[in-house]
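**Q** Let the hints inform the model, and build the full structure from the sequences given.
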Amino acid sequence: MVMGLGKGRHSGRGAKSGIVAALDVGSTKIACLIAKPIGGREGSPQLKVLGVGLHASRGVRSGAVVDINAAEDSIRAAVEQAEHQAGVTLKEVVVGISCGQPQSRTINVEVSIAGHEVGEEDLRRAYATGRSQVPNAEREIIHCMPGSYAIDGSRGIRNPRGMVGDTLGVSMHAITAAAGPIRNLESCVGRCHLNVAGRTATAYATGLSTLVSDEMDLGATVIDMGGGTTSISVFFDGGLVFADVLPVGGNHVTSDIARGLSTSLANAERLKTLHGSALTGPNDGRDLVQVARLGEDDPDSDCEVPRSVLTGIIGPRLEETFELVRDRLIDCGMTSISGRRVVLTGGASQMNGAREVATRVLSKQVRLGRPSRLTGHVDAAGGPAFAAAAGLSVWAAQRPGEIQHGRDEGDLPYLAYGTTDAGSNGFRGLTRWIKENF
1 MVMGLGKGRH SGRGAKSGIV AALDVGSTKI ACLIAKPIGG REGSPQLKVL GVGLHASRGV
61 RSGAVVDINA AEDSIRAAVE QAEHQAGVTL KEVVVGISCG QPQSRTINVE VSIAGHEVGE
121 EDLRRAYATG RSQVPNAERE IIHCMPGSYA IDGSRGIRNP RGMVGDTLGV SMHAITAAAG
181 PIRNLESCVG RCHLNVAGRT ATAYATGLST LVSDEMDLGA TVIDMGGGTT SISVFFDGGL
241 VFADVLPVGG NHVTSDIARG LSTSLANAER LKTLHGSALT GPNDGRDLVQ VARLGEDDPD
301 SDCEVPRSVL TGIIGPRLEE TFELVRDRLI DCGMTSISGR RVVLTGGASQ MNGAREVATR
361 VLSKQVRLGR PSRLTGHVDA AGGPAFAAAA GLSVWAAQRP GEIQHGRDEG DLPYLAYGTT
421 DAGSNGFRGL TRWIKENF
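In the working numbering, the protein residues as written are 1 to 438.
Source of the hints: derived by calculation from the structure; they are not laboratory data.
Every value quoted in this text rests on a predicted model; they were computed, and no experiment measured them.
Each hint should be verified, as a subset may be incorrect.
To be verified - Between beta-carbon pairs, the in silico distance windows are:
#1 T106 x R191: 32 to 38 Å
#2 N352 x D237: 30 to 36 Å
#3 P299 x A178: 55 to 61 Å
To be verified - Taking lysine to any residue pairs in the SDA-like style, the calculated list, with each CA pair at most 25 Å apart, reads:
#4 K29 x C332
#5 K91 x D73
#6 K364 x G238
#7 K364 x L279
#8 K29 x R317
#9 K29 x G153
#10 K364 x C332
#11 K364 x S213
#12 K48 x A77
#13 K29 x R270
#14 K29 x R367
#15 K29 x D73
#16 K48 x T375
#17 K364 x V212
#18 K29 x D152
#19 K48 x A179
#20 K29 x R191
#21 K29 x R183
#22 K91 x E120
#23 K91 x A179
#24 K29 x L50
#25 K29 x V248
#26 K91 x E140
#27 K91 x G119
#28 K48 x H84
#29 K29 x P247
#30 K48 x M351
#31 K48 x L279
#32 K29 x K91
#33 K364 x V248
Note that CB positions come from ideal geometry on N, CA and C, so glycine has one too.
**A** Encoded structure:
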């Protein structure tokens, strides 16, 4: 999707400049990333980062807006910082969705094709049947992606067009979220004079930016540890097959430290960043850390505690978080296809010992994930904390084929033009893409 530019420093470039802009609204930080696709392999664009904006998040809890004025100020600050660095004025952004309790489900449908060749109308009819099974009264569809197809029960077909049979089966993956929190988030973005050009589940976006193609094919789990939430996404056979969000993150570690040591949240965050670890060391019982007492202004009232006390608070919370991830994968039947690989990313994943705890609890190979398709200002946007924002930019640049409602022809669903399956989507998909972009 091409991001529009307002009148200003680069107004002559217009809406066809190819620039993409992503907005990641988290509980701890607001990140805005402006980039330009510069090529790369098909379906795997490389992005040149033009501008990065980062601001402390206010008015957001667990990815949902709880104070629209404070959230608006934080979003404005992050966007203006990115615009200033990139030298552009944005009109629209792609927004990550982690609010509204996202839910993931697989839908399998079959339609009759009466022995003739599979055409676009057959696919659209199958998509419509699948979308009708997604509850949408109080929830909105964030993604609806076709996985594999089947002809007369023969599964594993990637492209059924032109094939002959009696029944066409489609396996679709849908992600939905509660409508209210999404509308509040979009309203907040709109108050910043920005249009929402697209919405993407942050769990999905993170995988797009951190996984390599072999991991997507063979099976891998991405765990994005943010401040207020932990997102889970499972990729297999080249696509997303499961996504979920847990309401626990790095802020919960900070709160545990603040309560356990009777100190302020700000000082607890400092202790976590400077001295925190989930791994015990040989000198933890002797090494002391200084703790400012809550409500005390006199420095003489500060106390010293062994670092082992701090480790004893951080370790169990991280263990509990990964146990929740493990149990969620088991409950949803994802253990067999989630693979032996785990990619750990997000700001909270940078805590010392997080990788080792994840390896022990999940019994999988764990690596730390960073955005892998960025050039330009990678020092500012190349860390795990920017994995979601980078993934949003990747999604905006490649627009994978997703089932969307048509804007004409009886409002039947169609496969949006993109790089995944849309190359074989026929003249109708190409015509829509030309109308949207030119």
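**Q** Indicate, hint by hint, whether the structure satisfies it.
**A** Verification of the hints:
Against the hinted window of 32 to 38 Å, the Cβ-Cβ separation of T106 and R191 comes to about 36 Å, which satisfies the hint. At about 35 Å, the CB distance of N352 to D237 agrees with the hint of 30 to 36 Å. At about 47 Å, the beta-carbon gap between P299 and A178 misses the expected band of 55 to 61 Å. With a C-alpha separation of about 30 Å, the suggested pairing of K29 with C332 is violated against the 25 Å cut-off.
A C-alpha spacing of about 17 Å is found between K91 and D73, which places the hinted pair at or below 25 Å, so the restraint holds. A threshold of 25 Å between alpha carbons decides the hint, and for K364 with G238 the separation of about 20 Å falls inside it, so the pair holds. Annotation: proposed proximity of K364 to L279 holds, straight-line Cα distance about 18 Å (limit 25 Å). Of the supplied pair hints, the one linking K29 and R317 holds, its CA atoms being roughly 21 Å apart against a limit of 25 Å.
For the proposed pair K29 and G153, the alpha carbon gap of about 48 Å is over 25 Å, so the pair is violated. Restraint check: the Cα-Cα separation between K364 and C332 comes to about 18 Å, which is no more than 25 Å; the hinted pair holds. In summary, the hint linking K364 to S213 is supported, as the alpha carbons are separated by about 19 Å, within the 25 Å threshold. This hinted pair checks out: K48 and A77 have alpha carbons roughly 22 Å apart, not beyond 25 Å.
At most 25 Å may separate the alpha-carbon atoms for a hinted pair to count; K29 and R270 meet this at roughly 16 Å. For the given pair, K29 sits about 23 Å from R367 by alpha-carbon distance, which is consistent with the 25 Å threshold. The suggested pairing of K29 with D73 holds, with an alpha-carbon distance near 12 Å, which does not exceed 25 Å. Restraint check for K48 and T375: satisfied, since their Cα atoms lie roughly 5 Å apart, inside the 25 Å limit.
For the suggested pair K364 and V212, the alpha carbons sit about 17 Å apart, so the restraint of at most 25 Å is met. For the given pair, K29 sits about 50 Å from D152 by alpha-carbon distance, which is inconsistent with the 25 Å threshold. Pair hint K48 plus A179 does not hold up; C-alpha atoms about 34 Å apart against a cutoff of 25 Å. Of the supplied pair hints, the one linking K29 and R191 holds, its CA atoms being roughly 19 Å apart against a limit of 25 Å.
Of the supplied pair hints, the one linking K29 and R183 holds, its CA atoms being roughly 20 Å apart against a limit of 25 Å. Note on K91 and E120: the hinted pairing is violated, with a Cα-Cα distance of about 34 Å set against a maximum of 25 Å. Pair hint K91 plus A179 holds up; C-alpha atoms about 24 Å apart against a cutoff of 25 Å. For the hint linking K29 to L50, the alpha-carbon distance of about 20 Å falls within 25 Å, and the restraint holds.
For the hint linking K29 to V248, the alpha-carbon distance of about 15 Å falls within 25 Å, and the restraint holds. Taking the CA atoms of K91 and E140, the gap is near 24 Å; set against the 25 Å cutoff, the hint holds. At roughly 38 Å between alpha-carbon atoms, K91 and G119 are farther apart than 25 Å, so this suggested pair is violated. The suggested pairing of K48 with H84 holds, with an alpha-carbon distance near 16 Å, which does not exceed 25 Å.
Between K29 and P247, the direct Cα distance comes to roughly 16 Å. Compliance with the 25 Å bound is thereby established for this hinted pair. Proposed proximity of K48 and M351 is contradicted: the alpha carbons are some 28 Å apart, above 25 Å. Restraint check: the Cα-Cα separation between K48 and L279 comes to about 37 Å, which exceeds 25 Å; the hinted pair is violated. Annotation: proposed proximity of K29 to K91 holds, straight-line Cα distance about 21 Å (limit 25 Å).
Of the pairs offered as hints, the one joining K364 and V248 holds, with about 21 Å between alpha carbons and a cut-off of 25 Å not exceeded.
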